[in-house]
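Order-wise, the sequence lines are chains A and B. Take 1 as the starting number for the first sequence in my numbering and just add one per residue. Take 1 as the starting number for the second sequence in my numbering and just add one per residue.
Among these hints, one or two may not hold up.
[To be verified] Covered stretches of chain A (in silico footprint by chain B; criterion: 3 or more residues with CB under 8 Å from a CB of chain B, positions within the stretch not fixed): (1) 41 to 52; (2) 65 to 74; (3) 77 to 84.
[To be verified] Anything over 10 Å on all C-beta distances counts as not near chain B; from chain A, calculated: (4) P2; (5) R8; (6) T9; (7) D12.
These aren't lab readings, by the way, just hints derived from the structure by calculation. As the structure is a prediction and not an experimental result, all values here were calculated from the model. Just so it is clear, CB atoms sit at the ideal spot from N, CA and C, and this is done for glycine as well.
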Amino acid sequence: MPRYVVERTFPDGLHLPSGEAGSNVRATVVARNADEGVTWVHSYVSEDRERTFCVYDAPSPEAIRRTASRNELPVDRITQVSVLDPYHYQ
Amino acid sequence: MARLTIRGGVVVVALDLATGLLERDQALEALNEAFALSRRGTGRMVLVSGDAGIGKSALVREFCSQLPTSARTLVGWCDGLRTPRPLGPLVDIAAEVGGHLEQLILAGESAPVVLDALVDELGSGAQTVVVLEDVHWADGATMDILGLLGRRAEQIGSLVIATYRSDGLAREHPLRIVVGDLATAPGVVRLPLEPLSFKSVAELAASSGIDATDLYTKTDGNPFFVTEVLASGQTDVPDTISDVVLSRVARLGQPARELLDAVAIVPQRTELWLLEAIAGGSLGALDQCLECGMLVATDHAVGFRHELVRQVVEGSVSPLRRVDLHRAALDALRAPPDGRRDFARLAHHAEAANDGPAVLEFATLAAERAAIIGSHREAAAQYARALRYGDLLPILERAELLERRSLECYLTDQHDDAVPCLEKALEYYREVGDARREGLGLSALAIRRWCSSDTTGAVAAAAEAVSILEGCGSSADLAHAYASASSMEMNFENAATALSWGERAMALSTESGDLETFVYQLNTTGTMTSLMGQPEGRDDIERSIALATEAKLDVHVGRGYIHLAWTGSRTRDFTVLGRIADGIEYCSEHGLELWRLYLIAYRARIELDQGLWTEAAESASYVLRQSRQAPLLRILALTVIAVLRARRGDPDVMSPLEESLALAVGKGDLQHQAPVAIARAEMAALAGRADLAVEATETVLAMARERGAAWIVGELVFWRRRAGVNEVCCDGVAEPFAAHLSGEWTRAAVLWDQLGCPYEAALALADSGEDDALRHALVGLRQLGAQPAAAAVGRLLRQRGTRDVPRGPRPSTRANPAGLTARELEVLAMLGEGLRNAEIADRLVLSERTVGHHVSATLRKLQVRSRAEASATAVRLGISPQN
Chain A
1 MPRYVVERTF PDGLHLPSGE AGSNVRATVV ARNADEGVTW VHSYVSEDRE
51 RTFCVYDAPS PEAIRRTASR NELPVDRITQ VSVLDPYHYQ
Chain B
1 MARLTIRGGV VVVALDLATG LLERDQALEA LNEAFALSRR GTGRMVLVSG
51 DAGIGKSALV REFCSQLPTS ARTLVGWCDG LRTPRPLGPL VDIAAEVGGH
101 LEQLILAGES APVVLDALVD ELGSGAQTVV VLEDVHWADG ATMDILGLLG
151 RRAEQIGSLV IATYRSDGLA REHPLRIVVG DLATAPGVVR LPLEPLSFKS
201 VAELAASSGI DATDLYTKTD GNPFFVTEVL ASGQTDVPDT ISDVVLSRVA
251 RLGQPARELL DAVAIVPQRT ELWLLEAIAG GSLGALDQCL ECGMLVATDH
301 AVGFRHELVR QVVEGSVSPL RRVDLHRAAL DALRAPPDGR RDFARLAHHA
351 EAANDGPAVL EFATLAAERA AIIGSHREAA AQYARALRYG DLLPILERAE
401 LLERRSLECY LTDQHDDAVP CLEKALEYYR EVGDARREGL GLSALAIRRW
451 CSSDTTGAVA AAAEAVSILE GCGSSADLAH AYASASSMEM NFENAATALS
501 WGERAMALST ESGDLETFVY QLNTTGTMTS LMGQPEGRDD IERSIALATE
551 AKLDVHVGRG YIHLAWTGSR TRDFTVLGRI ADGIEYCSEH GLELWRLYLI
601 AYRARIELDQ GLWTEAAESA SYVLRQSRQA PLLRILALTV IAVLRARRGD
651 PDVMSPLEES LALAVGKGDL QHQAPVAIAR AEMAALAGRA DLAVEATETV
701 LAMARERGAA WIVGELVFWR RRAGVNEVCC DGVAEPFAAH LSGEWTRAAV
751 LWDQLGCPYE AALALADSGE DDALRHALVG LRQLGAQPAA AAVGRLLRQR
801 GTRDVPRGPR PSTRANPAGL TARELEVLAM LGEGLRNAEI ADRLVLSERT
851 VGHHVSATLR KLQVRSRAEA SATAVRLGIS PQN
């Protein structure tokens, strides 16, 4: 399954609630993604919380956009990626 | 362990609460909740799934036993016959309910009619729960009903429970499609059942002396397996279910074993009267079998506790005895006490008994019945069964069966089988010298070959049909042949030939009073004239649909809707959307699955053109998920996805494009070729590659020009121009494209707006070069999510803010004697500033390789060898972007 980086912009900053509320939100996102075969791997968030770079495994860019809209998340750009790390060449 | 309860469709059963049925508390809760909702008027469908032996039926039985006495339960079973009884479970329910529903079933009415009666029945009187067991065995018509019940679950207001085995469902199993479809339906709840945990298995095994770990490992927590082992009373655990069951059976006496054999060869349940007929003396052992639990009794019938047990016992019966038993069953079923013969069951036992004449008789009858009801897949399978004994038939009758099988295969999209069957039948007709049948068969073959994408073979068959029937056929036959030939020509968009064959077909079919051929030809003629740009064509198609609907010619109605969709999407007449929706509903209700998918594919294209890109992605992805082989269907959907991705700037534009290109190979018609060429031309335009654009479109453009397909010519020339191909065009080009190409950008934008095509309208505004228009275009493109195009316009606006850069990236030949394209002019300007390729690539958001291409092309056209020379030459010739 391809891996994608999804860039998002949150003009008001992304603020996830903490504790149980936050965990419920995360669980809902995960469940909705599962319906489409999309897996949220993890995300990087900028310091000002206005930009995120989210790593996903998904069957297609359309599946990502579909789950993004169900989860009410913006999508700026989707790029297909493969993993590269310093240990690759050892 | 945490409990996960998720609203809106999936309830995952967590563990750890013991009741009568272990670990099914949450499942029961879910069912009770669904029932409560249905009582308040919001219906639900619950899909209970899991491996064989997981306890689906046990769960449903437990739930039903807890229902209030005022509630009514209606149960129907899908049987495990190799070819199931059409509407099997509905037959069971109708027998229970009687009245109007039963009458309809006995009369052999089709699925939509039966469904309406069922819904009426559910709405009247007591709160009802409907249970459909083992729907993985359901026939086509029952699947249709299941799908419709699911989609309308909320409105119907009752609780419908469907159980199915989820293990061993092949990828193309029709149930997967139905369940997938229902995944997003509002009233549908999925209830997958999990195996038992080690704790529960240990609990069960506690007093039996059996090692719990061994038991759990061998059974994997499968409830059926576990209980069978425990019931067998042994202390060591056999390796397989088979071993367990057989060891239990072995401990019963001979008469009991014989009785079990007799029950085992009848799928699902064996009626008592039937058992009496086939079990003979061993019937006396019935009590013993019931007492020890091997058999269970329901009203007037007995069966094994579980299908798995039946399968094991059946497998252990010796072949000779099996044939004897099947023969006895066959004889008994020929004269059932209620006088109603079930042809599917008779055919099943006949084949198992290897009774050729009986198979021929009953499989044919079963096929005919299935076809009428709308279970075409089952009809095709029954004809195939009969044909296995085809040698017993005279040639002509064999040919007849082959023709019928071919038709049923065609209706269920099994084109790879439909064509050879019909070809074989034609061979027989030739052998016997029946020219008329051969001719008629050839006309049908033409259409079937076209559907399996043998487009050349299709045309050949149609032509041969005409020539044969002109020699010997009646007016009706000839009308048929002309209509088929006309249809082939229409598919290739050869207007003159299509219409001339068509006229003859219309005249002859009117003369002979053949409504079906008339309706077919009316559709073809209307479609051809629509494609030529004449709006009256649509009236003909509509009239054809109306006539066909009234005469209940399902397939022709479907074809009518598809042609409306095709011509509407081709000419960007979005008013057809309403009709497409009507068509989708019609096709759903009449089991015309492939037709429905075509309508969705055309809708995807229209949604793309309307700027409804989320919907377009949804529609196209849905079509691609159904694992259908029809190339045209996939081409339509793949090209929409490719263009969507390119316009949004999403990754992987190439895979769908390459796949569609491969599918179009060898198909010489515009339907297959044009979408691919257009998509590739747009890609080439985005990359600024004139060479790629030419390569992708040269042949198709010539074809489209020859056929007078103005919209296709327009779209191809448009993208070619944007890719940098400088050509004079403009006649035979559809209006909004023509306006844009001749530089009337504002008018083009207005025309596109009127048609409802926001992307093209924005491109036209952007090309006009005026600030206001550019700003509008930017807003529009951003709203669509057209990231690359929006970025280009944004850059343009920024440039205009800081430099006096004239009208944007489009070709202008006037002050351009060297024939440089707009892209090349842009690149030239940057060369003049001394930028390197990498920097130019950054500025223009292109790849470095593409920039390299442009630089070489520029140097070539200016006939110089270095970048510095290029700049100098440009200034000298008066070519400069500054103009």
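Violating hint indices (sorted, rising)
1 and 4
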